[in-house]
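*Asks:* Sequences listed follow chains A and B, in order. Mapping of the first sequence onto our numbering: residues 1 to 168, in sequence order. Mapping of the second sequence onto our numbering: residues 169 to 331, in sequence order.
These are computed hints drawn from the structure, not numbers from a lab. Here a beta-carbon is modelled for each residue, glycine too, at the ideal position from N, C-alpha and C. Where hints are given, some of them may not hold.
[Claimed, not checked] Coverage of chain A stretches by chain B, computed from C-beta distances (three or more under 8 Å per stretch; other residues unrestricted):
| no. | stretch |
| --- | --- |
| 1 | 22-33 |
| 2 | 42-56 |
| 3 | 63-73 |
| 4 | 98-107 |
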Amino acid sequence: MSDLPAEVESWIGQRRYEENGEFDVERGYIFTSCSSVQNGNPLYWDEETANELTGGPIAPPSMISVWFRPHYWSPGRTEEAVAMQLHFDLKAALGLPEAVMTDNTITFHEPVRIGDRLKTVQILRSVSAFKTTKLGTGRFWVLDMEIGNQNGELCAIESYTGFGYNRS
Amino acid sequence: MQTKELRLAQISIGAELPELRIEVTPSTVVLGAIAARDWRPMHHDKDFAQERNGTRHIFINTPHNAAYFERYITDWTGPKGRLGKIQFRMSDSVFPGDTMVFRGKVDAVGTDDRGCGWVDLSIDLEVGEKTPTRCKARVAIPIDADDNPWKRRGDDWKPVPSA
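Chain A with its partners taken away, still in its complex shape:
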């Protein structure tokens, strides 16, 4: 029998937080991301290559999470907005104040293009029993984020394993 709170148990498999990105996909962030890892792929720097290979500029696939992370602040917001609210809901509901991500799997589908506005939905897949690691004692959870574009096309499925814990 599960020792999870009933509320958390009920979240498993539920599609939660269906949200739209706060801004259109744009090149400034693409250049910043490529610069941050010295990615010289001409697909992201050379218009001609982008036109030839992908019919115009696209974003590096690994940037997928950039396009739905909320602004640090925006007018009217009184609390910090976070990218994966479900992750923070789990920390609160399970009384585990610290958390890190341990695993990340991304499956890439339709490329993300300049001007796209992405949509996301979060799905809790599982929560483990208590485990102790070098960081502390807590639980692992697996969250999926499905990411689509404004045309209803699937762009990526991102799966995270998080570890929420109390420090040793």
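Use these hints to put chain B onto chain A, whose structure you have.
*Replies:* For chain B alone, kept in the frame of chain A given last:
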């Protein structure tokens, strides 16, 4: 613009990718966090990282790891290489002062039932004697000069192999 283009026939199982070394500084970590729009303080505030996360310094975040893996893979394939899937486990963090060394090898080479060429890779991100992150990646590679994996859509694009 002249660009590199790796084709499927040039790749064999067990082949090694060129090593990549990156010296990590606080700027590396913070730049990656900003580029990823990740405002969480453990990626820019050393006191927070030490006091709340129990780590020795700020550390590289998950999307920044992903961006490094993508760069490492497409440095090797050229721009026609199209990522289908990456999967990585971060068993330890990467901190300022570390030297990251990326090493990769080819685990599988083949084509799917739509004629798309695929290569499966294992990539280790090493720091000294440790391997903080291990990655598996699946990348589409052109089979000839006329092939372009980026043109594949719908049923012709299978980033997850059929069961």
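*Asks:* Each hint needs a verdict: does it hold in this structure or not?
*Replies:* Going through the hints against the structure:
1. 22-33: With 3 residues close enough to chain B, the hint holds.
2. 42-56: holds (count 7)
3. 63-73: holds (count 5)
4. 98-107: It holds, with 9 qualifying residues against the three required.
Checked against the numbered hints given earlier, this structure breaks none of them.
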